[in-house]
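S.K.: To convert a position in the sequence shown, counted from 1, into our numbering, add 885.
A few of these clues could be false.
To be verified - Quick list of simulated restraints, FRET-style, between CB atoms:
hint : residue 1 : residue 2 : range
1    : 954       : 911       : 16 to 22 Å
2    : 936       : 912       : 25 to 31 Å
3    : 944       : 916       : 19 to 25 Å
4    : 908       : 936       : 15 to 21 Å
5    : 939       : 913       : 30 to 36 Å
6    : 947       : 911       : 24 to 30 Å
7    : 918       : 945       : 17 to 23 Å
8    : 914       : 942       : 31 to 37 Å
9    : 952       : 914       : 16 to 22 Å
Everything labelled a hint here was simulated from the structure, so no lab data went into it. Built from N, CA and C at the ideal position, the CB exists for glycine as well.
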Amino acid sequence: MNTHNPDDFRFRYRRPEAQTQLRVERMPLSVRTLTSNSLFQGEHEIGIEHHGALYRLKITRQGKLILNK
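Throw the hints in and build the complete structure from the sequences for me.
M.R.: So this is what it looks like as structure tokens:
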């Protein structure tokens, strides 16, 4: 049984009348970019060695990428 009255919450905690909008300018990052075609070269799975651990990067049937350890 739910005894919570949602109307009580609205009246106890009021929102500020004027909410200021913050504008954040996004700066483009310099990131080395590879296409999945150049990375996979026709395969559907590749191995990535990182600090002694092997990770597997796979392309799913829906065309999404999955990274597994």
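S.K.: Given the range 30 to 36 Å, decide if the beta-carbon distance of residue 939 to residue 913 lies inside it.
M.R.: Between residue 939 and residue 913, where Cβ atoms are some 33 Å apart, the hint holds.
S.K.: Within 17 to 23 Å or not, the Cβ separation of residue 918 and residue 945?
M.R.: 21 Å, holds
S.K.: Does the Cβ distance between residue 936 and residue 912 fall inside 25 to 31 Å?
M.R.: With Cβ atoms ~30 Å apart, the hint holds.
S.K.: Holds or violated: 31 to 37 Å for the Cβ distance of residue 914 and residue 942?
M.R.: 21 Å, violated
S.K.: Take the C-beta atom of residue 908 and the C-beta atom of residue 936, compute their distance, and say whether it sits inside 15 to 21 Å.
M.R.: 39 Å, violated
S.K.: Given a hinted range of 24 to 30 Å, is it respected by the beta-carbon distance of residue 947 and residue 911?
M.R.: 29 Å, holds
S.K.: Note whether the CB distance of residue 954 and residue 911 lies within 16 to 22 Å or breaks it.
M.R.: 31 Å, violated
S.K.: Could one say that the CB atoms of residue 952 and residue 914 fall in the range 16 to 22 Å?
M.R.: Taking Cβ atoms as reference, residue 952 and residue 914 lie about 20 Å apart, which means the hint holds.
S.K.: Looking only at beta-carbon atoms, does the pair residue 944, residue 916 fall within the given range of 19 to 25 Å?
M.R.: 21 Å, holds
Going down the numbered hints, you'll see the structure goes against 1, 4 and 8, while the others check out.
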